[in-house]
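J.: The number in our numbering is simply the position in the sequence shown, starting from 1, with 138 added.
Just so you know, the hints here were simulated from the structure itself, not pulled from any lab data.
Please note that the accuracy of each hint is not assured.
[Claimed, not checked] Simulated restraints, written as ranges between beta carbons of each label pair:
#1 GLU516 to SER386: 53 to 61 Å
#2 ALA747 to SER727: 12 to 20 Å
#3 ALA747 to GLY171: 20 to 28 Å
#4 SER610 to LYS488: 51 to 59 Å
#5 GLY171 to LYS488: 45 to 53 Å
#6 ALA747 to PHE791: 19 to 27 Å
#7 HIS726 to SER610: 40 to 48 Å
#8 GLY171 to LYS283: 34 to 42 Å
#9 ALA480 to ASP418: 22 to 30 Å
#10 ILE532 to GLU439: 29 to 37 Å
#11 GLN483 to ASP779: 39 to 47 Å
#12 ALA144 to HIS726: 15 to 23 Å
#13 HIS729 to HIS420: 29 to 37 Å
[To be verified] Derived SDA-like pairs: lysine to any residue, alpha-carbon spacing no greater than 25 Å straight-line:
#14 LYS846 to GLY832
#15 LYS488 to GLY237
#16 LYS664 to ILE722
#17 LYS635 to THR823
In this text, a Cβ means the ideal position worked out from N, Cα and C, and glycines have one as well.
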Amino acid sequence: MDPTRAFLKDVKRIIIKVGTAVVTRTDGRLALGRIGALCEQIKELNSRGFEVILVTSGAVGVGRQRLRYRKLINSSFADLQKPQVELDGKACAAVGQSGLMALYDALFSQLDVASSQLLVTDNDFRDSDFRRQLTETVNSLLALKVIPVFNENDAISTRKAPYEDSSGIFWDNDSLAALLALELKADLLVLLSDVEGLYSGPPGERDSRIIHTYVKEKHQGEITFGDKSRVGRGGMTAKVKAAVYAASAGTPVVITSGFATDNIIKVLQGQRVGTLFHRDAHLWVLSKEVGAHEMAVSARECSRRLQSLSSDERKKILLAIADALEANEKLIKIENEADVVAAQQAAYDKSLISRLTLKPGKISSLSNSIRILANMEEPIGQVLERTELADGLILEKTSCPLGVLLIVFESRPDALVQIASLAVRSGNGLLLKGGKEAMRSNAILHKVITGAIPSSVGEKLIGLVTSRDEISDLLKLDDVIDLVIPRGSNKLVTLIKESTKIPVLGHADGICHVYIDKSANMDMAKLIVADAKLDYPAACNAMETLLVHEHLLKTEELNDLIVALRAEGVVLYGGPRASTELKIPAAHSLHHEYNSLACTIEIVDDVFAAIDHIHRHGSAHTDCIVADDQEVAQIFLNQVDSAAVFHNASTRFCDGARFGLGAEVGISTSRIHARGPVGVEGLLTTRWILRGSGQLVDGDKGVVYTHKNLPL
């Protein structure tokens with residue numbers, strides 16, 4: 139749970155306020171689906187022991203829609219030609235209230251929940267006896283697990299203009315909900331809106347971003363409100379006013395979307411849904427804490443300064459980073475060992491601890507990779523194509539940085555070093571969001587690397603997100619982040635791909651196959667299989683499935699290979715044929731990444747069956763054939779649709795450094811932009827440079843196009 143939501147564990151009594159924009163559709167009719175989802179959430183909370191009070195708007199809207207319909211069917215054609223007079227709001231409220239409450243009663247009855255109606259007016263609260271009796275009645279209802287449903291009785295309100303007059307003890311259902319929260323001593327007030335929460339500006343504007351925790355001193359002067367909702371009275375302005383009032387008096391408030399089917403449940407689970415108002419919020423938000431949005435903007439500005447440097451100057455920055463890592467190796471190891479000990483004490487998975495550990499020689503290896511990267515050909519500003527469009531009109535296609543990258547990674551602190559060095563080489567700004575298990579390692583590596591970046595560029599070129607911004611928040615920054623690269627578990631990568639509009643580069647699974655053909659040199663096959671599985675079992679390019687030609691099934695060579703794997707501690711699971719033939723436990727799935735000393739074995743008819751198996755159960759990462767028959771090998775290389783396909787070589791070679799890329803930000807299994815190990819090239823895009831001497835299109839009258847390819 140987010141630390142700012144820790145108070146939720148003590149919540150018992152909740153007031154939920156739902157606005158007209160949520161309970162009605164754009165045509166004025168009731169939004170049955172949203173109201174049904176609301177009632178189902180209230181039912182769940184009620185059954186879990188929460189005391190739930192509902193404050194609902196919508197009666198005026200429902201009544202207006204009904205009265206317009208009645209007026210329409212009772213009007214003559216001549217009546218319809220006359221100017222239409224707006225219906226009386228109090229009449230609309232009187233008609234709509236019964237219909238709205240009937241719906242709530244019907245829905246709650248279907249869920250085996252009892253509900254009650256309480257209509258109040260502004261003047262009622264001036265009477266202390268009324269307030270005392272109200273509290274007693276509500277307490278009695280809640281003790282009986284009945285849901286009190288409140289609404290302002292607009293039909294008999296004494297205000298002349300109940301939609302505009304903001305005088306009095308309360309002036310709309312938002313302020314009524316805030317008043318009830320204090321009167322009834324609620325532990326939490328949830329205001330449901332037609333947007334996700336409070337934004338820094340009108341939600342539809344490009345630069346607006348959601349505010350997860352409202353701090354009056356910080357946000358009061360920054361927020362620009364847009365138009366109020368299409369129905370109702372005050373829109374977000376009224377909600378914020380009510381939320382500030384209740385929060386300052388001691389009742390925490392969350393403004394969130396009523397369009398989602400489970401947001402109330404998520405709020406109580408401690409998820410950062412919507413905007414929180416709390417009287418202690420100013421103590422939680424550190425004045426010096428920089429949000430991810432600001433970090434991304436700073437990274438872009440620094441990247442532009444980096445691009446303006448000469449190639450030699452950028453090279454010197456990389457060499458300085460390599461030297462700084464080696465100079466601080468002892469300090470880096472101390473922080474990494476602290477992370478490893480903490481992970482062991484927390485009983486993390488062994489494969490995660492393996493990825494977390496910076497093994498002896500790792501810092502030296504990383505530094506050498508950075509130096510190789512520094513000495514590679516300059517990637518920025520390369521002319522890729524040069525075309526003469528017309529006489530004196532020359533078009534060039536050139537390489538340039540993507541912009542700002544967001545890398546979300548788990549456990550692997552060495553990934554931070556590789557990604558940061560590639561960002562510098564490719565001229566990109568960078569945001570890094572590491573896992574909490576590598577917090578100390580990431581912090582020291584980030585400090586060492588940014589310390590080597592000259593002030594002419596700025597250390598904000600590479601930002602390490604350590605604030606409370608969660609991954610879901612970062613993924614909404616499509617206005618300032620150009621590419622997301624996830625490095626971690628299948629769950630993490632899948633979540634990111636499903637949760638953002640920003641392009642994602644990466645792979646969800648690393649289910650790599652080795653296929654041993656009947657023509658294979660079995661001594662070579664044993665070595666390749668052992669290396670692919672044992673060299674680094676937790677790596678995404680480790681072998682997870684071994685496919686064996688059926689002709690090898692009863693051979694001594696296959697038996698020796700199986701014995702050798704078991705001797706190294708590899709647990710073997712079988713596909714449908716292998717589990718029967720080899721008497722081994724059946725694999726629970728043929729699409730499984732173990733990331734440990736385990737693998738699946740399956741028997742196949744031939745190379746075509748092997749290819750079909752890979753396409754059905756693989757992840758298009760890296761697959762290998764061991765074969766002496768060159769024709770069979772070529773069939774495999776041509777037909778396996780994976781990012782990397784090998785012949786007689788371990789799958790572990792699929793790596794940016796081993797491919798000579800200097801380093802890699804990850805391995806991509808997508809088919810757009812970059813595929814396989816992604817180095818500098820994968821972090822570049824292109825732009826067009828056109829040089830002319832005053833040429834005009836002018837309807838193409840005077841232009842003679844040549845479209846001639848020119849030498850680079």
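J.: Evaluate each hint against the coordinates.
T.: Hints, verified against the model:
1. Here the CB-CB span from GLU516 to SER386 is close to 58 Å, well matched to the stated 53 to 61 Å.
2. Checked against the hint of 12 to 20 Å, the pair ALA747 and SER727 passes, with Cβ atoms roughly 19 Å apart.
3. The supplied range of 20 to 28 Å is broken by ALA747 and GLY171, whose beta-carbon atoms lie about 48 Å from each other.
4. About 29 Å separates the C-beta atoms of SER610 and LYS488, a value inconsistent with the hinted range of 51 to 59 Å.
5. For the pair GLY171 and LYS488, the beta carbons lie near 46 Å from each other, so the given range of 45 to 53 Å is met.
6. Look at ALA747 against PHE791: about 25 Å separates their beta carbons, and that is inside 19 to 27 Å.
7. Under the hint 40 to 48 Å, the C-beta atoms of HIS726 and SER610, about 30 Å apart, miss the expected range.
8. The supplied range of 34 to 42 Å is broken by GLY171 and LYS283, whose beta-carbon atoms lie about 25 Å from each other.
9. About 29 Å separates the C-beta atoms of ALA480 and ASP418, a value consistent with the hinted range of 22 to 30 Å.
10. Hint check: ILE532 to GLU439, Cβ distance near 31 Å, so the stated range 29 to 37 Å holds.
11. In this structure the supplied range 39 to 47 Å holds for GLN483 paired with ASP779, their Cβ-Cβ distance being about 44 Å.
12. Distance hint check: the CB atoms of ALA144 and HIS726 are about 38 Å apart, inconsistent with the given range 15 to 23 Å.
13. At roughly 50 Å, the beta carbons of HIS729 and HIS420 sit outside the given window of 29 to 37 Å.
14. Among the hinted pairs, LYS846 with GLY832 is consistent with the structure: their alpha-carbon atoms are about 20 Å apart, no more than 25 Å.
15. As the CA atoms of LYS488 and GLY237 are separated by approximately 60 Å, the hinted pair breaks the 25 Å bound.
16. Between LYS664 and ILE722, the direct Cα distance comes to roughly 19 Å. Compliance with the 25 Å bound is thereby established for this hinted pair.
17. Proximity of LYS635 to THR823 is assessed by CA-CA distance (about 21 Å); at most 25 Å being required, the pair is judged to hold.
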